[in-house]
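Line by line, the protein sequences give chains A and B.
First residue of the first sequence? That's 196 in the numbering used here, and the numbers climb one at a time after it.
First residue of the second sequence? That's 196 in the numbering used here, and the numbers climb one at a time after it.
Take these hints with a grain of salt, some might be off.
The list treats identical chains as interchangeable, and a pair is accepted whether it falls inside one copy or across any two copies.
Claimed, not checked - Capping the alpha-carbon separation at 25 Å, the derived lysine-lysine pairs in DSS-like fashion look like this:
(1) 216 - 546
(2) 289 - 458
(3) 258 - 197
(4) 216 - 459
(5) 500 - 258
Keep in mind that the hints were calculated from the coordinates and are not lab data.
Number of protein chains: 2
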Amino acid sequence: MKLNTNYQKLEENYLFTEIAKRTSDFIHAHPEAHIIKLGIGDVTVPIASVAADAMIRATEELKHPETFRGYGPELGYFFARQAVQTYYADYGIKIDADEITIGDGIGSDIANITDLFVHGDNGVLIPDPVYPLYKATSLMDGQRIIYLPCTEQNNFLPEPPAVPSDLIYLCSPNNPTGATFTFDRLQAWVDYANRVGAIILYDDAYERFIEEDDKPHSIFAIDGARTCAIEFGSLSKTAGFTCVRSGYTIVPNELVREGMSLKKMWHQRQTTKYNGAPYVTQRGLEAALSAEGLLQADMTIGIYKRNVPLITQTLEEKGIFYCGGANSPYIWLRCPDGMRSWQFFDYLLEKAHVVGTPGVGFGEYGENYFRLSTFNTFENTGEAMQRIAKVI
Amino acid sequence: MKLNTNYQKLEENYLFTEIAKRTSDFIHAHPEAHIIKLGIGDVTVPIASVAADAMIRATEELKHPETFRGYGPELGYFFARQAVQTYYADYGIKIDADEITIGDGIGSDIANITDLFVHGDNGVLIPDPVYPLYKATSLMDGQRIIYLPCTEQNNFLPEPPAVPSDLIYLCSPNNPTGATFTFDRLQAWVDYANRVGAIILYDDAYERFIEEDDKPHSIFAIDGARTCAIEFGSLSKTAGFTCVRSGYTIVPNELVREGMSLKKMWHQRQTTKYNGAPYVTQRGLEAALSAEGLLQADMTIGIYKRNVPLITQTLEEKGIFYCGGANSPYIWLRCPDGMRSWQFFDYLLEKAHVVGTPGVGFGEYGENYFRLSTFNTFENTGEAMQRIAKVI
Numbered sequence: 196m197k198l199n200t201n202y203q204k205l206e207e208n209y210l211f212t213e214i215a216k217r218t219s220d221f222i223h224a225h226p227e228a229h230i231i232k233l234g235i236g237d238v239t240v241p242i243a244s245v246a247a248d249a250m251i252r253a254t255e256e257l258k259h260p261e262t263f264r265g266y267g268p269e270l271g272y273f274f275a276r277q278a279v280q281t282y283y284a285d286y287g288i289k290i291d292a293d294e295i296t297i298g299d300g301i302g303s304d305i306a307n308i309t310d311l312f313v314h315g316d317n318g319v320l321i322p323d324p325v326y327p328l329y330k331a332t333s334l335m336d337g338q339r340i341i342y343l344p345c346t347e348q349n350n351f352l353p354e355p356p357a358v359p360s361d362l363i364y365l366c367s368p369n370n371p372t373g374a375t376f377t378f379d380r381l382q383a384w385v386d387y388a389n390r391v392g393a394i395i396l397y398d399d400a401y402e403r404f405i406e407e408d409d410k411p412h413s414i415f416a417i418d419g420a421r422t423c424a425i426e427f428g429s430l431s432k433t434a435g436f437t438c439v440r441s442g443y444t445i446v447p448n449e450l451v452r453e454g455m456s457l458k459k460m461w462h463q464r465q466t467t468k469y470n471g472a473p474y475v476t477q478r479g480l481e482a483a484l485s486a487e488g489l490l491q492a493d494m495t496i497g498i499y500k501r502n503v504p505l506i507t508q509t510l511e512e513k514g515i516f517y518c519g520g521a522n523s524p525y526i527w528l529r530c531p532d533g534m535r536s537w538q539f540f541d542y543l544l545e546k547a548h549v550v551g552t553p554g555v556g557f558g559e560y561g562e563n564y565f566r567l568s569t570f571n572t573f574e575n576t577g578e579a580m581q582r583i584a585k586v587i
Numbered sequence: 196m197k198l199n200t201n202y203q204k205l206e207e208n209y210l211f212t213e214i215a216k217r218t219s220d221f222i223h224a225h226p227e228a229h230i231i232k233l234g235i236g237d238v239t240v241p242i243a244s245v246a247a248d249a250m251i252r253a254t255e256e257l258k259h260p261e262t263f264r265g266y267g268p269e270l271g272y273f274f275a276r277q278a279v280q281t282y283y284a285d286y287g288i289k290i291d292a293d294e295i296t297i298g299d300g301i302g303s304d305i306a307n308i309t310d311l312f313v314h315g316d317n318g319v320l321i322p323d324p325v326y327p328l329y330k331a332t333s334l335m336d337g338q339r340i341i342y343l344p345c346t347e348q349n350n351f352l353p354e355p356p357a358v359p360s361d362l363i364y365l366c367s368p369n370n371p372t373g374a375t376f377t378f379d380r381l382q383a384w385v386d387y388a389n390r391v392g393a394i395i396l397y398d399d400a401y402e403r404f405i406e407e408d409d410k411p412h413s414i415f416a417i418d419g420a421r422t423c424a425i426e427f428g429s430l431s432k433t434a435g436f437t438c439v440r441s442g443y444t445i446v447p448n449e450l451v452r453e454g455m456s457l458k459k460m461w462h463q464r465q466t467t468k469y470n471g472a473p474y475v476t477q478r479g480l481e482a483a484l485s486a487e488g489l490l491q492a493d494m495t496i497g498i499y500k501r502n503v504p505l506i507t508q509t510l511e512e513k514g515i516f517y518c519g520g521a522n523s524p525y526i527w528l529r530c531p532d533g534m535r536s537w538q539f540f541d542y543l544l545e546k547a548h549v550v551g552t553p554g555v556g557f558g559e560y561g562e563n564y565f566r567l568s569t570f571n572t573f574e575n576t577g578e579a580m581q582r583i584a585k586v587i
């Protein structure tokens, strides 16, 4: 019996578990406190009603012999793959339906695609700070990790290194910093990946928040990306699907390494180790990506965007460095008075009864920084920022 | 870049893909033929209405701010884990809710748990013939496979070998043979696994079809199983959830190897690489495992069981060896006249317009055998067997 001892490299206390623990300890000690959570990146606006209605209709179908369905296609129903294809076409990007697979959320697909690469024998580039999943899966797979420091000096956008690599995780707009690649900056990564033969795993979960025209909504808007990139999409932050679980992955036909088609390998992985996303959630995805669904998504994003100035005006008044917000649901700020991330977390919780996310939880270069999320109501966010203004 | 070249060991034509291809080629050439499918193991009775109604109510909740939910617990909602716990308690088996995780189907969990074991360095025992997933995932992981021949001589039930091993796949009632371990025969496997330190991965998908009292519904009905077994359960064949995707996995607290808790590792895997099953399908699972849901499941199974004598009477009249049916939805038969599996497949398709499953698709010891499924209507099954009776 050889167990995967790489699991022992995982940190004992996952970021959001620790936040939940400290918060509940505080509530236990101060039951009268009215806590406002601007911490975990979970949405608060209900799922798009057009998607919910489609899911209800789909479930009704399953009750009746004439409309019942059994096993679906493992890679996704054609109607769902086509909905994603149309979504990209609206951005002017041509993707074959066959290059798209439908899954149960961006997290699963980003994690499961690592099955295609030999464990313990690939060099992985990971920005720091960034969403913790890439580091965790790379540790579990025993890969060699090189961190790419993202700092105020490089506007939190990493540049390709001088050394070669095998896998590159990029997330744009970035979680937690909100930093978003321009076409030019992303082109540099695509050129690097093609030069050294690496593959970019592109986390596109927040693309719908992009407001600026010089920022691509997909890596496939970049010349040469089809020979070096895999893109992962999500419905979580647009249609409110964090509890519905739906997403998609795009592996281009031209992506070949060592004579092997990555698309074919991914399809082998999914047709063997996965039985397809639920019919009901795929009907939800189809509706969420319809014209009406996208209108609802943009209205939902609009609700979150209203919170941005509430947060940034306070920070500006206090002279605190921040970035993000423009193309992302997150505001990334430097902790006041040189406080460390967890120190500021405890300070805000105690003094303002506001929960945020310690930057160091996203990587060591996140130390002394802090993330505030716009996933809350206008009223709660305003109240939270008034309280914060009083104590910093 | 080191790709997982083990993927190249996968067979090019997956069993059910090849069946679908030959069937569609035949239909194309004979558009007038009325094909009856007793092939793929997919259900035909709609999902339990109590489960569908619960799913619809759950989706309604997601539309409203007061009842909306975001990210759920990765390991499953407590209500769902508790429903599984109660299901086992009804069989007289005590399982902690914390030992249960809720997933998106038995296939995903059986495949994903292989992440806990070092790729390329474990010896795996796989019965032959058996559901193709175990072999496929073991090949993809580069493990050393030893096949356990299941033949008429051993009633298609493998016995523990003389040699040690690391992982053991057991499926009881077996797909495709329907062979089902008695308490005694399964005890021998548990004793072997505890003696050599192996782990049994127990596929329990068909336990609800068991009719005979001397057959356990769970490996945890066997003394000593809690130190050597992981069990996987499914709602597919009971509540008709093949398109809903829901299942559960049980890793006992006592299962420890090399000082590591397998339950802890599985929880690490799922909390990192998985975001939890959809809220909607977990409400479906809860309803499907309620008293009303189980009554509906047993009525559905009753519908399939009515087909068993339609099939077995024909086979008996023709003097054809068969087994299964009593505790399983499948009947496993020896092809008449010494025909090979695919030869009989083509023969039945051409002469009787009936689609079955070639036994060799489940392993080389399945050659010369054939699987018929009871997942169809009484009328279709009767018609299919009349046609078969005429040509064999």
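Tested hints:
no. : hint      : in the structure
1   : 216 - 546 : within (18 Å within a copy, 67 Å between copies)
2   : 289 - 458 : within (16 Å within a copy, 44 Å between copies)
3   : 258 - 197 : neither (45 Å within a copy, 47 Å between copies)
4   : 216 - 459 : between (43 Å within a copy, 19 Å between copies)
5   : 500 - 258 : between (40 Å within a copy, 21 Å between copies)
In this structure, the one hint that does not hold is number 3.
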